[in-house]
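For the protein sequence lines, the chains are A and B, in the order given.
Quick note: the first sequence uses my numbering, first residue 1, plus one each step.
Quick note: the second sequence uses my numbering, first residue 1, plus one each step.
In short, the hints are calculated from the structure, not lab data.
Backbone N, C-alpha and C fix where the C-beta goes; we use that ideal spot for every residue, glycine too.
Don't take each hint at face value.
The calculated label-pair distances, taken between Cβ atoms and stated as ranges, are [to be verified]:
no.	chain 1	residue 1	chain 2	residue 2	range
1	A	G53	B	P78	24 to 30 Å
2	A	P90	B	R14	50 to 56 Å
3	B	P41	A	P101	22 to 28 Å
4	B	P82	A	G53	24 to 30 Å
5	B	R28	A	G53	17 to 23 Å
6	B	E108	A	I80	39 to 45 Å
A few chain B positions that, by computed beta-carbon distances, are all more than 12 Å from chain A [said to hold, decoys possible]:
no.	residue
7	F44
8	Q61
9	V75
To spell it out: a stretch of chain A is covered by chain B in this simulated footprint if at least three of its residues, at any positions, have a beta carbon under 8 Å from a beta carbon of chain B; those stretches are [said to hold, decoys possible]:
no.	segment
10	22-31
11	72-83
12	92-102
Protein chains: 2
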Amino acid sequence: MEEFDQLVADVFSRRCTSRTVLETLTGRWAILALVALHEGPYRFNALRRRVDGVSEKMLSQTLHALERDGMVLRVAEPSIPPRVEYSLTPLGREAAERLIPLIEWVEERMPQVASAREEYASR
Amino acid sequence: MEEFDQLVADVFSRRCTSRTVLETLTGRWAILALVALHEGPYRFNALRRRVDGVSEKMLSQTLHALERDGMVLRVAEPSIPPRVEYSLTPLGREAAERLIPLIEWVEERMPQVASAREEYASR
């Protein structure tokens with residue numbers, strides 16, 4: 001895609017493709033799937049247990065979108081039944097490395113957020 | 001909220017409140033609003049122009065959720081017409097500082113994502 005080498009991507013511009021990439025990465029389940037896969041490869045059902053609460057359909061859609069964007073690798077071994085394993089590509093690993101600090105920060109800051117919510121509710 | 005001082009937050013657990021905070025922060029428009037407000041305070045309409053493509057309703061909902069979670073401060077000056085300004089709290093600033101590297105990485109990596117999409121489409 002030569003045009004991307006010359007254009008500057010800008011997520012603030014509504015027509016820039018980079019916004020769709022940001023939205024794929026930060027979707028409800030994509031963040032958790034990427035961060036889980038940063039721990040190591042997972043088979044579908046194990047990943048589904050790790051990403052507590054995700055439906056089979058939503059996890060499948062999430063993994064397809066991440067595979068399309070070059071973040072996740074899907075490898076099907078020719079066994080019976082077929083064994084399908086998901087792992088991060090180098091690009092997906094870079095993405096996960098930028099999502100982990102965000103998740104850790106959210107978990108760490110929960111007391112402050114909870115206080116803010118209490119204060120907001122009591123106004 | 002004393003229970004948060006004793007419990008460990010875990011976004012992977014479906015019932016953990018931290019997941020709702022992560023989802024507020026990484027919503028379609030919240031990321032862009034937080035990163036824009038990191039540039040400085042904005043009035044509503046100026047922020048709406050900056051976050052290209054957001055509707056009045058969605059920006060308003062986004063700002064309310066961020067205000068409730070203690071990330072955004074809404075200050076209404078007693079003028080006619082009322083002048084309402086939005087800015088980041090220290091907590092919101094911390095959040096924005098973890099979102100900016102993600103956005104910059106997405107913008108920088110667009111050529112690789114575009115190649116991955118082309119390859120995926122041509123399979």
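To see whether the hints hold, each was checked on the structure:
no. : hint                         : result
1   : G53(A) / P78(B): 24 to 30 Å  : violated, 45 Å
2   : P90(A) / R14(B): 50 to 56 Å  : violated, 30 Å
3   : P41(B) / P101(A): 22 to 28 Å : holds, 25 Å
4   : P82(B) / G53(A): 24 to 30 Å  : violated, 41 Å
5   : R28(B) / G53(A): 17 to 23 Å  : holds, 20 Å
6   : E108(B) / I80(A): 39 to 45 Å : holds, 43 Å
7   : F44                          : holds, 17 Å
8   : Q61                          : holds, 14 Å
9   : V75                          : holds, 14 Å
10  : 22-31                        : holds (count 6)
11  : 72-83                        : violated (count 0)
12  : 92-102                       : holds (count 6)
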